[in-house]
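Asks: The task is simple: from the sequences and hints, build the whole structure.
These protein sequence lines map, in sequence, to chains F and P.
Okay, so the first sequence: first residue is 1 according to the numbering used here, each after it adds one.
Okay, so the second sequence: first residue is 1 according to the numbering used here, each after it adds one.
These aren't lab readings, by the way, just hints derived from the structure by calculation.
None of the values given here were measured: they were computed from a predicted structure.
For each residue, glycine too, the CB sits at the ideal point set by N, CA and C.
You can take every hint at face value.
Pairs of lysine to any residue residues, derived as SDA-like cross-links and limited to a Cα-Cα distance of at most 25 Å, are as follows:
1. P:Lys105 with F:Ile31
2. F:Lys63 with P:Val64
3. F:Lys6 with F:Gly73
4. F:Lys79 with P:Ala70
5. P:Lys72 with P:Lys83
6. F:Lys112 with P:Glu56
7. P:Lys95 with P:Lys105
8. F:Lys14 with F:Arg70
9. P:Lys72 with F:Asp108
10. P:Lys95 with P:Gln59
11. F:Lys63 with P:Phe50
12. F:Lys53 with P:Gln59
Anything over 10 Å on all C-beta distances counts as not near chain F; from chain P, calculated:
13. Asn6
14. Val31
15. Asn49
16. Lys105
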Amino acid sequence: MEDGIKKFLYVNRKAPYGTIYALEALEVVLIGAAFDQDVSLAFLDDGVFQLTKGQNTDGIGVKNFSPTFRALGDYDVNKLYVERESLEERGLTEDDLQEIMYEDEDDDWAEKPSIRIISRAEMADLMHDQDVILSF
Amino acid sequence: MSYEVNGQTVEHDEEGYITNLNDWSKELAEVIAKQEEVEMTDEHWAVVNFLRDYYEEYQIAPAVRVLIKAIKKQLGPEIGNNKYMYELFPYGPAKQACKIAGLPKPTGCV
Chain F
1 MEDGIKKFLY VNRKAPYGTI YALEALEVVL IGAAFDQDVS LAFLDDGVFQ
51 LTKGQNTDGI GVKNFSPTFR ALGDYDVNKL YVERESLEER GLTEDDLQEI
101 MYEDEDDDWA EKPSIRIISR AEMADLMHDQ DVILSF
Chain P
1 MSYEVNGQTV EHDEEGYITN LNDWSKELAE VIAKQEEVEM TDEHWAVVNF
51 LRDYYEEYQI APAVRVLIKA IKKQLGPEIG NNKYMYELFP YGPAKQACKI
101 AGLPKPTGCV
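Replies: Here it is as structure tokens:
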């Protein structure tokens, strides 16, 4: 680990709309990205709904912020871990999630997917490895 | 508080950011720029247009370093560098250019 760089994990457990948690978490991630830390995002429980594709908020009168997840690569945030069991419990699969890519600076700017599906056990290990966990 | 463009009134907040993003027009951009004491050149427009495209695609105004990195990629290092961007927009490329582009104040911009 480089000096001064900590592993930050932002845990997203809530549906995208209905409360302000999901949008606020994303704003914190965007602002925090300026500090050049090792950032990961975790999506579990209803938080997996945040990444679903084809969101339309016209009927509820709030901004659809789901396109903003695709900007995370520009902020060097490219580790979005999604818990498989949370998807399955909600009848979702990886195909229901939007495609989020980043350009890998160390691999001739090749486009690579940011979303990684992991098991509940792997999620526990991921949390265990962190220096800082922020839960939303 | 409002701007006047072609006899139309466009509302803005206390810092000059327009209230309704759909009110934006090139003419309005010129009016805001004048108030900011910015003379709009092709390079200014390139930045403003980039910001509008970015907002359209991602629903946020990019942070300064993201903006500069992207401009560098799109328009070359002569324009896409800190010094030149601050010459174009002396009060901060993100803050001032976003105002002219009719976007909300960038996230994390104080």
